[in-house]
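Here the sequence shown stands for residues 2 to 328, where the numbers follow my numbering.
Hints were generated in silico from the structure; no laboratory data involved.
Cβ coordinates follow ideal geometry from the N, Cα and C atoms, glycine included.
All the given hints hold, so there is nothing to weed out.
Simulated restraints, written as ranges between beta carbons of each label pair:
1) Val146 x Leu30: 31 to 37 Å
2) Ile111 x Ile267: 16 to 22 Å
3) Val306 x Val28: 21 to 27 Å
4) Pro233 x Ile116: 22 to 28 Å
5) Arg128 x Val317: 25 to 31 Å
6) Pro147 x Ser73: 38 to 44 Å
7) His29 x Gly235: 54 to 60 Å
8) Met286 x Ile116: 32 to 38 Å
9) Val18 x Ala86: 28 to 34 Å
10) Ser130 x Gly183: 41 to 47 Å
11) Ile14 x Pro147: 37 to 43 Å
12) Gly183 x Val306: 36 to 42 Å
13) Ile111 x Arg240: 21 to 27 Å
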Amino acid sequence: MAVYIARRLLLMIPLLVGITVISFLVVHLAPGEPTDMMTDLNPKASLEAKVRLRELYGLDQPLHVQYWRWVSRLARLDFGTSFSADRRPVLEKTLERMPVTIGLNVLSEIFVFAIAIPVGILAAVRRGSLFDKGSTVAVFFFFSVPTFWLALLAMILFGVKLGWLPISGLRSVNHDLLGPGGRALDLARHLVLPVVVGSIGGLAGISRFMRSGMLEVVRQDYVRTARAKGVPEGSVIWRHALRNAVLPIITILGLSVPGLIAGSVIFETIFAIPGIGQLMWQAVMARDYPMILGNLVISAVLTLVGNLLADVGYVVADPRISFGGRS
2 MAVYIARRLL LMIPLLVGIT VISFLVVHLA PGEPTDMMTD LNPKASLEAK
52 VRLRELYGLD QPLHVQYWRW VSRLARLDFG TSFSADRRPV LEKTLERMPV
102 TIGLNVLSEI FVFAIAIPVG ILAAVRRGSL FDKGSTVAVF FFFSVPTFWL
152 ALLAMILFGV KLGWLPISGL RSVNHDLLGP GGRALDLARH LVLPVVVGSI
202 GGLAGISRFM RSGMLEVVRQ DYVRTARAKG VPEGSVIWRH ALRNAVLPII
252 TILGLSVPGL IAGSVIFETI FAIPGIGQLM WQAVMARDYP MILGNLVISA
302 VLTLVGNLLA DVGYVVADPR ISFGGRS
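Can you make the complete structure from the sequences, with help from the hints?
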């Protein structure tokens, strides 16, 4: 296993280099520059001021020179300094907001898998039943509804009309005046809408994957043999079929790793949650190149690590797969 993991880690290096090249070109060739936001909206800004700003940020240099400077700093884990007014390091701003985003997305993933897997299994076991048809209709409905629209409806219903839940931020105005229990309850109330609404799309998709995987497995000969030997149906499903049916879910779980920090841009923006998604959105609007590129690189690394974890998970879940065969 160690040799296989080491080989995969070495293969990540050229992949990561290619990702940095493509990301850098896409960001820098997009229309607009950071200096446009500072000078075009300021009637007192002269052409000389814009030229000095471009020199200050190194934007007057050829693209290959800018790329080499950026990737050289990146090799030393220096993600650069944000172009925003606070001029703080990219890594410092990202790490500052990372706990909020990771916590939000981990709760969403737990909510998704805790509901989607049992729903998918029951729909497959009771294929053609009322539960299967009802869950199929519900899944396709929630899968087709735009999540941002669903978020706005939930905010209007539960926040404005009924007044049950807060609709923005993570803290109430009187949060600091509450006791430990009150603060925990206040935080939980603020997380209900973002977690539930953010889980709808994943819940619908994973329950479908689980249903189709289980339907394919229960038709296998070894499952029929187990039933013919008189093994209880619950043991056939949960001990024999589930282990193989869960393989596609392992792939999805591995690929969801980058989403832990980059998969909540819409929700953090709509619910005004101070996480990485909101930070990334603000960076894109301001053409903050170091911040955009830094977060893209972090997401790329997490994607590659997620793929590796998914492959290792395959071997753990299915003994028929070996590291030698996969390598």
